[in-house]
Amino acid sequence: MRAIQQLLTVFVPLFAFALAFNPAGSVQGNLYPIRMYLLIALLAVVGLWLLIQRGVAPARRWPLAGMLAALYVVWLVLASVWSVDPATAFLGASSIRFGSVMQLLSLLVGVVYAAYAQPRWTARALSVTTAVMLLFTVLETLGLRPLEAWIRSSTPIYPAGTVGFRQYLGGWYAIMALAPVYFYRRERRDAWFWVWLVAGLVGLGLCTTTAATLGVGVCLLLWLGAGAAQRQWRTPLAALLVYAVSILALPALTTSTATSLGRTAPAYKSYDSTGSFRPRLYLWKGAWSAFLERPITGWGDETLAGQVFTHLSPDDARSLFRAELGIPAQNQITYTGNSYTVTDAATGQTRSGALLYPRAHDVVFDMLYSHGLVGFLLLLGLIWTALRRVAREGRASLLSFLVSALPYPIYLLAWFFVPTVTPMFLIVVGAMLADAGRRTEPARPAPAA
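End of the sequence shown = 449 in the UniProt record's numbering, gap-free, step of one.
Since the hints were derived computationally from the structure, they do not count as laboratory data.
Note that the Cβ used here is the ideal one computed from N, Cα and C, for glycine as well.
You may find that some hints are simply not true.
Label pairs and their computed distance ranges (CB to CB) [said to hold, decoys possible]:
# : residue 1 : residue 2 : range
1 : Ser270    : Glu187    : 34 to 44 Å
2 : Pro295    : Thr347    : 45 to 55 Å
3 : Gly353    : Arg2      : 47 to 57 Å
4 : Leu14     : Thr334    : 48 to 58 Å
With the hints as extra help, turn the sequences into a complete structure.
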């Protein structure tokens, strides 16, 4: 058992910083496949260990959760088989590569952490991992690119760390920023806690990802409110101050520092920018229309690119092209599926291209579109069993869990699953559930002499 716990601890930084042996490879080639291989390898090792142990070291047992997880796994497979594009549904689109196979692997790894992880060791590994990721983030915001020779992108958006893009890194920090709140809910808040908390909040501020910033901000206020009710408001207030300074001051500070060093600062996104919101409205509308057409089985993961424009009215489809590409109203747009041709009204010149939206940029619409109502309800059932497990400790523990776990789901209301981020969320939540199981499961009777 101890060897598996050590493996699960080491796996945290290994997964976070894994790079393929392909210098100057693309983000999709260098960061995504290797993480799938790591998940497979971990599950294979744990499975082999279970065969060898043959029940000597039983896992924490949650019968209802196990049944729902099994049903969800079966339904994901069926939804992919019934998909309009089974290959894409199973393996994912080339730009994201988070089809049903990656979802199943991530879910199973989360279950492994819930069953076998040593929470204290995992928490320290997460603390160190967050601090190291912050180091990469700071270097990239100052114009240094330590991984540039290893990871190439046609459209680099820094800071990216070993996640791939700034927007995804924001989601990664949304997972990490408040995770220590739950792990230290009954522990002394030592240096590991503060390193983890501050590194997560500072990294979040350097990413300027609106959905991630909003998710953490909402949960910080929840933490502060709960703490004030119990007269334990100092730590959440300190965290809120770090959060405010990070999002308000650090982008400008790092920009000026990079400029003074003669480096190129990242192009930070303004929080009052609404340019990406309007396209999302059309994506949600198209995904909902497609869901209503196949409400039971869904269309399969990451197949939205071939469906969204056919499930929008011609006016809405053209509006989506205009909103995403910044096409003036006077220019004519013709389209077939997701391919478009724009004719310039002044010069008569034309240009063509295609827009690819593998996912709906909202986890609710995405799950309904991909897996239908059955898959969506099974997912809600899994979430309910996790909350019920934590709630056995009491209301305070449930609030701590919500503060720690909710920022990433809030982020997903405007984004989507990616291989470098989503499995880490399930690892963190799995370790939280392991901690809840360790504290709530009844003591086993001593064996008879």
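Hint-by-hint comparison with the structure:
Distance hint check for serine 270 and glutamate 187: the Cβ-Cβ separation is about 39 Å, which falls inside the suggested range of 34 to 44 Å. Here the CB-CB span from proline 295 to threonine 347 is close to 46 Å, well matched to the stated 45 to 55 Å. Judged by the Cβ atoms, the range 47 to 57 Å given for glycine 353 and arginine 2 holds: they are separated by roughly 55 Å. Range check, leucine 14 to threonine 334: Cβ separation about 49 Å, and the 48 to 58 Å hint holds.
Checked against the numbered hints listed earlier, the structure breaks none of them; every hint is satisfied.
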